[in-house]
Amino acid sequence: APKSTREFTDEEKKFWAYQPLANPAVPKVKNSAWVKSPIDAFILAKLEEKNLQPAPPADKLTLLRRATYDLTGLPPTETEIKDFLADTSPTAFEKVVERLLASPRYGEKWGRHWLDVARYADSTGNDEDHRYPFAWKYRDYVIEAFNDDLPFNQFISEQIAGDLLPSQDGNEVNRRGIIATGFLALGPKAVAQQDKTKMLYDVYDEQVDVTSKAFLGMTLACARCH
-4 APKSTREFTD
6 EEKKFWAYQP
16 LANPAVPKVK
26 NSAWVKSPID
36 AFILAKLEEK
46 NLQPAPPADK
56 LTLLRRATYD
66 LTGLPPTETE
76 IKDFLADTSP
86 TAFEKVVERL
96 LASPRYGEKW
106 GRHWLDVARY
116 ADSTGNDEDH
126 RYPFAWKYRD
136 YVIEAFNDDL
146 PFNQFISEQI
156 AGDLLPSQDG
166 NEVNRRGIIA
176 TGFLALGPKA
186 VAQQDKTKML
196 YDVYDEQVDV
206 TSKAFLGMTL
216 ACARCH
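Those letters in the sequence shown? Residues -4 to 221, per the numbering used here, in order.
Treat each hint with caution, since some may be false.
Calculated lysine-lysine pairs in the BS3-like style (CA-CA distance at most 30 Å, straight line) [unchecked claim]:
no.: 1; residue 1: LYS208; residue 2: LYS191
no.: 2; residue 1: LYS132; residue 2: LYS208
no.: 3; residue 1: LYS25; residue 2: LYS45
no.: 4; residue 1: LYS31; residue 2: LYS45
no.: 5; residue 1: LYS104; residue 2: LYS55
no.: 6; residue 1: LYS31; residue 2: LYS41
no.: 7; residue 1: LYS45; residue 2: LYS23
no.: 8; residue 1: LYS23; residue 2: LYS8
no.: 9; residue 1: LYS45; residue 2: LYS9
no.: 10; residue 1: LYS104; residue 2: LYS208
no.: 11; residue 1: LYS23; residue 2: LYS9
no.: 12; residue 1: LYS90; residue 2: LYS77
no.: 13; residue 1: LYS193; residue 2: LYS132
no.: 14; residue 1: LYS208; residue 2: LYS9
no.: 15; residue 1: LYS41; residue 2: LYS8
no.: 16; residue 1: LYS132; residue 2: LYS104
no.: 17; residue 1: LYS31; residue 2: LYS104
no.: 18; residue 1: LYS191; residue 2: LYS132
no.: 19; residue 1: LYS31; residue 2: LYS77
no.: 20; residue 1: LYS55; residue 2: LYS41
no.: 21; residue 1: LYS77; residue 2: LYS104
no.: 22; residue 1: LYS55; residue 2: LYS25
no.: 23; residue 1: LYS23; residue 2: LYS55
no.: 24; residue 1: LYS55; residue 2: LYS77
no.: 25; residue 1: LYS208; residue 2: LYS193
no.: 26; residue 1: LYS31; residue 2: LYS55
no.: 27; residue 1: LYS90; residue 2: LYS31
no.: 28; residue 1: LYS41; residue 2: LYS25
no.: 29; residue 1: LYS45; residue 2: LYS55
no.: 30; residue 1: LYS8; residue 2: LYS208
Keep in mind that the hints were calculated from the coordinates and are not lab data.
Let the sequences and hints guide you as you build the complete structure.
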């Protein structure tokens, strides 16, 4: 077949996954008093562009409920509500956020988002749906990674090649790294497939698919046939 001479279009080159990290200038806004952080300026600039006004500040109870649901997936307790409403210090909300981030519930709530990316399940799904009896170890690894503030570059490395990395605690076996590679071991598997070679390549294909989607923002599995 003749070699393709097609070039990427300018629109394709602008796809977000291909853009290098940048440090854009903070936009100038009219209502500068509303801005409490640089992020606010980006939000307000777009609002002003559309001639829209920001919503009024939330009351303390609403703010507490939003933060608690966002960070832990749970409502605030009665004691937490009373304590926050009674705290009139300038750092009252900051203390709430630090408390919520320190809660084990934080990792359980936000780890679930990554488990969705990693197509986490307790079984193979597909034809015969066999159990993964130790899948929970990978689940707990993800939860601990969030709760322990594991650096994202390490989080990536351990899931792709944790079994090849040296142990950080001095042990001969990098148990934690091996568990992290559950990212690759999970996923649907057609174990009843009679063509075992095809079954094996289906597994490889699925691993390429989830890795490229999770870390590159691209779907590379189509390269199998193209």
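Of all the hints given earlier, name the ones this structure violates by number, lowest first. Hints that this structure does not satisfy do not exist here, as all of them hold.
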